[in-house]
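Number of protein chains: 2
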Amino acid sequence: MTDVELGVPLRDVEESMLEFEGKRYLDGRASDPRELGWMRGAPPPKDRRITFESDSYFDFPQNRWSLSHMRELVATVNVWRGQGAPSQFERSDKTADIDALTFADKDGRIRRFDEALFDTYADGIVVLHRGRIVYERYFGALEPHLPHACYSVTKSYAGALTAAFVHEGVLDDSKMIPHYLPELRGTAWQDATLRQVMDMQTGLAHTEEYAPGDRSSDAWTYRIASGRRPRPDSYGGPRTACDYLRTVRKQGTHGEAFAYKSINTDVMAWVMARVTGRSFAQLLHERLWSPLGCEEDGYVIVDPIGLPLAGGGLNATLRDLARFGELIRREGEWNGKQLIPASVVHDIQEGDHPAKLPAIGYSYRSQWWVPHNELGAIEARGLYGQRIYVAPKAEMVIARFASHPLAPARYNDVISVPQMLALGRMLRE
Amino acid sequence: MTDVELGVPLRDVEESMLEFEGKRYLDGRASDPRELGWMRGAPPPKDRRITFESDSYFDFPQNRWSLSHMRELVATVNVWRGQGAPSQFERSDKTADIDALTFADKDGRIRRFDEALFDTYADGIVVLHRGRIVYERYFGALEPHLPHACYSVTKSYAGALTAAFVHEGVLDDSKMIPHYLPELRGTAWQDATLRQVMDMQTGLAHTEEYAPGDRSSDAWTYRIASGRRPRPDSYGGPRTACDYLRTVRKQGTHGEAFAYKSINTDVMAWVMARVTGRSFAQLLHERLWSPLGCEEDGYVIVDPIGLPLAGGGLNATLRDLARFGELIRREGEWNGKQLIPASVVHDIQEGDHPAKLPAIGYSYRSQWWVPHNELGAIEARGLYGQRIYVAPKAEMVIARFASHPLAPARYNDVISVPQMLALGRMLRE
Numbered sequence: 091m092t093d094v095e096l097g098v099p100l101r102d103v104e105e106s107m108l109e110f111e112g113k114r115y116l117d118g119r120a121s122d123p124r125e126l127g128w129m130r131g132a133p134p135p136k137d138r139r140i141t142f143e144s145d146s147y148f149d150f151p152q153n154r155w156s157l158s159h160m161r162e163l164v165a166t167v168n169v170w171r172g173q174g175a176p177s178q179f180e181r182s183d184k185t186a187d188i189d190a191l192t193f194a195d196k197d198g199r200i201r202r203f204d205e206a207l208f209d210t211y212a213d214g215i216v217v218l219h220r221g222r223i224v225y226e227r228y229f230g231a232l233e234p235h236l237p238h239a240c241y242s243v244t245k246s247y248a249g250a251l252t253a254a255f256v257h258e259g260v261l262d263d264s265k266m267i268p269h270y271l272p273e274l275r276g277t278a279w280q281d282a283t284l285r286q287v288m289d290m291q292t293g294l295a296h297t298e299e300y301a302p303g304d305r306s307s308d309a310w311t312y313r314i315a316s317g318r319r320p321r322p323d324s325y326g327g328p329r330t331a332c333d334y335l336r337t338v339r340k341q342g343t344h345g346e347a348f349a350y351k352s353i354n355t356d357v358m359a360w361v362m363a364r365v366t367g368r369s370f371a372q373l374l375h376e377r378l379w380s381p382l383g384c385e386e387d388g389y390v391i392v393d394p395i396g397l398p399l400a401g402g403g404l405n406a407t408l409r410d411l412a413r414f415g416e417l418i419r420r421e422g423e424w425n426g427k428q429l430i431p432a433s434v435v436h437d438i439q440e441g442d443h444p445a446k447l448p449a450i451g452y453s454y455r456s457q458w459w460v461p462h463n464e465l466g467a468i469e470a471r472g473l474y475g476q477r478i479y480v481a482p483k484a485e486m487v488i489a490r491f492a493s494h495p496l497a498p499a500r501y502n503d504v505i506s507v508p509q510m511l512a513l514g515r516m517l518r519e
Numbered sequence: 091m092t093d094v095e096l097g098v099p100l101r102d103v104e105e106s107m108l109e110f111e112g113k114r115y116l117d118g119r120a121s122d123p124r125e126l127g128w129m130r131g132a133p134p135p136k137d138r139r140i141t142f143e144s145d146s147y148f149d150f151p152q153n154r155w156s157l158s159h160m161r162e163l164v165a166t167v168n169v170w171r172g173q174g175a176p177s178q179f180e181r182s183d184k185t186a187d188i189d190a191l192t193f194a195d196k197d198g199r200i201r202r203f204d205e206a207l208f209d210t211y212a213d214g215i216v217v218l219h220r221g222r223i224v225y226e227r228y229f230g231a232l233e234p235h236l237p238h239a240c241y242s243v244t245k246s247y248a249g250a251l252t253a254a255f256v257h258e259g260v261l262d263d264s265k266m267i268p269h270y271l272p273e274l275r276g277t278a279w280q281d282a283t284l285r286q287v288m289d290m291q292t293g294l295a296h297t298e299e300y301a302p303g304d305r306s307s308d309a310w311t312y313r314i315a316s317g318r319r320p321r322p323d324s325y326g327g328p329r330t331a332c333d334y335l336r337t338v339r340k341q342g343t344h345g346e347a348f349a350y351k352s353i354n355t356d357v358m359a360w361v362m363a364r365v366t367g368r369s370f371a372q373l374l375h376e377r378l379w380s381p382l383g384c385e386e387d388g389y390v391i392v393d394p395i396g397l398p399l400a401g402g403g404l405n406a407t408l409r410d411l412a413r414f415g416e417l418i419r420r421e422g423e424w425n426g427k428q429l430i431p432a433s434v435v436h437d438i439q440e441g442d443h444p445a446k447l448p449a450i451g452y453s454y455r456s457q458w459w460v461p462h463n464e465l466g467a468i469e470a471r472g473l474y475g476q477r478i479y480v481a482p483k484a485e486m487v488i489a490r491f492a493s494h495p496l497a498p499a500r501y502n503d504v505i506s507v508p509q510m511l512a513l514g515r516m517l518r519e
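As given, the protein sequences belong to chains A and B, one line each in that order.
All residue numbers for the first sequence refer to the working numbering, where the first residue is 91 and numbers rise by one.
All residue numbers for the second sequence refer to the working numbering, where the first residue is 91 and numbers rise by one.
Pulled out of the complex, with its shape left as it was, chain A reads as follows (with noise of 0.2 Å):
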C-alpha cells in the first residue's frame, strides 16, 4: 500500500508522515480511524472495510480502527466484571500542566507531552497519581468504555495470576512442565522449570520477529494454528494452540539467557488451567475483574478451541487496565484485600541482573519488564505501544494504548520511555 492509496483527508500531505525504517507512514492525526473512515457506513466501502480473512486488521492503518474492536473480528470470551458496582476513581486535574511538560526523546529532541501522544499513535492514555486521574485522553477509535488489545500487557496479568498461584503453594516453579502438563514431555518444555518459562529464559526453537512485511517468523504461524490469523489453503499446520506447542523443540540451554518467547505465556497459563481447572478468563474474573471493581467486561480470543490467549488476547478498558496498574503500586492491596500477594509485587520489582537484557538495561520478571529506573518502576508492554507503567517512588501508574505503524516496542521508546520518565519526575516533585 504506497501513501497515496491511505485515503489522506484534504490537509498538507507531508506535514501528515512520519518516517521508520525508511518508510513514511501518516501520522497520528492523520491516521485517525474515523476521519479516514474506516468501517464506517452500512456496509462500509469496499477499500474501508477491515476484515479477519484479509489477514491486515492487524497492519496500520487499519489497526488504529482494529484493535478497539478485536471481538468484531475474532471469537472471544468474556471477562465479567462481576455484579457490584464498579469502584470510583477520585480525580485530581492536572491536563493543562502535563499536555505542557517538555522532554527530551532518546534523539535528543525536546518534545510536547501532549504531541508526543499524536506522534507515538496513543489510543488512550489514564494516569494515575496517587490513586487519582490526573490525566485521560482518548484518541481515534477507543472509548472510555471499549475494550482494546492489551497484546502482550496480557501476560503481565498472566504473570501475577501465575505468581500469585507459586506463593500460595498451588504451584511449585521450580518443578518441570512435564510434571503439570505430560503432554510436553518430549518438548522443548521437558525440562524447563516453570520458573524459567516465567522469566523467559527457556531456549526454543521458535522464532519470534514481527519486522514490517515480514511473516516468516514462527510467531506469525503460531497466529494461524491459534486462531487470530486466517488459515492459508496451503496451510498443513497445527490447528489449536496447545496442538502448536506440542511441536516445539529445544534449542540452546534453558535457563541461561532471557529470551522472549510468548508461547511461554501460553504454556504457563496451560499449567495454571491445569492445576486450578480454571480458565484464564475465569481466574482473571474472580481473582481480578470482580474484587478490583472494574468498569467493564474484559474478553480474551481464543483458540479454534475456546482456549483463552494469555500470551496476548486479553482486551480491556483503558481505566481497567489502569486499576490493574494501581493494585499492583499498592502491593497487591485493594480495599484491605490482598489480591495478590506482596512478597510477589516485591519480587517482580527486584527483577533480574539486568545484564541478561543489555541492550536496553531491563531486566524481567514473572511477565514484568524491570528497567531499575530512578522510579523503581516495573512495566507491561505489548505490540504496537500498549503499555501500564507502575512508579512507586513517583505514585504514579501509567495505562497507555496505542496503535503504532510498527509492531515492535522500540520504536515508541524512542519517545515513551523518556516521556514516562518526565511525567513521573513532575509528578514526584
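For the record, the hints were derived by calculation from the structure and aren't laboratory data.
No false leads were mixed into what you were given.
No copy is singled out in the list; a pair is fine if it fits within one copy or between any two copies.
Calculated pairs, DSBU-like style, for lysine-lysine (alpha carbon to alpha carbon, straight line, at most 30 Å):
| id | residue 1 | residue 2 |
| --- | --- | --- |
| 1 | K265 | K136 |
| 2 | K340 | K136 |
| 3 | K196 | K113 |
| 4 | K265 | K446 |
| 5 | K483 | K196 |
Starting from the known structure of chain A, arrange chain B on it as the hints suggest.
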C-alpha cells in the same frame, strides 16, 4: 452420531431418551452439557470439543453448550448496557406453585410445569407477574449473567425499533425498499414496501427450512455468506450478508401471503442503519439496553464485514430478555419514559388476519407473533425454543431460552404453547 456415541452418563439410557420424527435423542437432563463434559478441560478432549469449523455447533447436543457461548465461536459486537446501575426486579417467589402446575399438552398428555421444562430442553426461564420475578430457573450451561442465543427473538427487537422509527416519522413503511437502499433495485425487494418486509409478506426466491440433517435450504447458504458457518473450499457464493441480499430474486407477489424469511429482517435493519447512521447494536444500546437498565451487556453476531445480524444474531441474558418483555407489557413505558410508542405495541397486539397462518392460528406483525388468545398475548420466537411471551391480560411475561434437538418451533410448541397458556391462567386468577 448414534445414541451410544453421545456419552450418556451411567444411568438408565432408555429412560433418558426422547423421540422426535422417529429418531431418539438424549432428554433434557441427560443432555446437560456439564454432565456430558462438553468443552471442559484444558484443552477439552477431542470428542468433547465444539468448534466453529466443524459446522455443527448448532447441532444437538453441542447446541446445549454453544447457545450459551456463541461469542467463543464467532465474531460479535457488544451491546453496551451503559454506565447506570441496573434496574432491579422485585421478587414474589411462586416456585413451588408453578413447579407443581399441571396442564395438558397438545397431544392431551398431562404434564407438570417443571418436568415440561426438561422435556423442552429449557436452558432457563424467568417469569414476571406484575413486573415481579415469580419464577426463575437455570439449567445446563446457562447462568444468570451469561448471554444466550436469541435466534429470531432478535427480530422482535429489530421490529419494535423499526416500528418506532416509522411512528416517529424517521421511516415511512409505505416506501419501497430501494427508496432507502438504492443498491436493492433489481432484486426481490425492488417493489416491496418496508411494511411488507416488516410483516414478512414478500415473495422471495429463497427457501428457509431447518429440517434435521438437511442443509440444502438457502438459509444455510446465507449462514455461510454471513459468517455463521465455515465456508467450504468449493464455495463461490456471496461473502457478506449484504452481498447475499443483493442476489435474491422475486418469486410470486408481495403483500399477498405470509412467508417467513429471515433475510427480510436483515433488509429491514439495513434500512434502519442506513437512515439513522447507527448500527443495530448501537440502536439496541441507545434505545433499549441503556434506558432499560439492563444488567449485562448483550452482543450481536456480525458478518465478515462487521454487520450485526438482526435476523437472529442477538445474545442476551434471560433477565435482560425479561426486561424487554416487561417493557412491551407496559406498552413501551419504562420509568416514566416512552421507549417504544404505545401505539406500536397496540398495533402489534392487534396483529394481522390469522387466516394468513391457518396452520397455527397466529398472525404476524412487525416481527412479532400474535396468537390471538384469551391472554392477549404476543410472542417473540426463535429456533430451538427461544421465547418472549407477553400476556397483558395475565400481567405476565415469560422469557425462556432452550436448546432443543430440533430447530423448528413446532417441536417445542406441542408442550410450551399450552404450558404458557396454563401459567397465564393460573396467574390471572
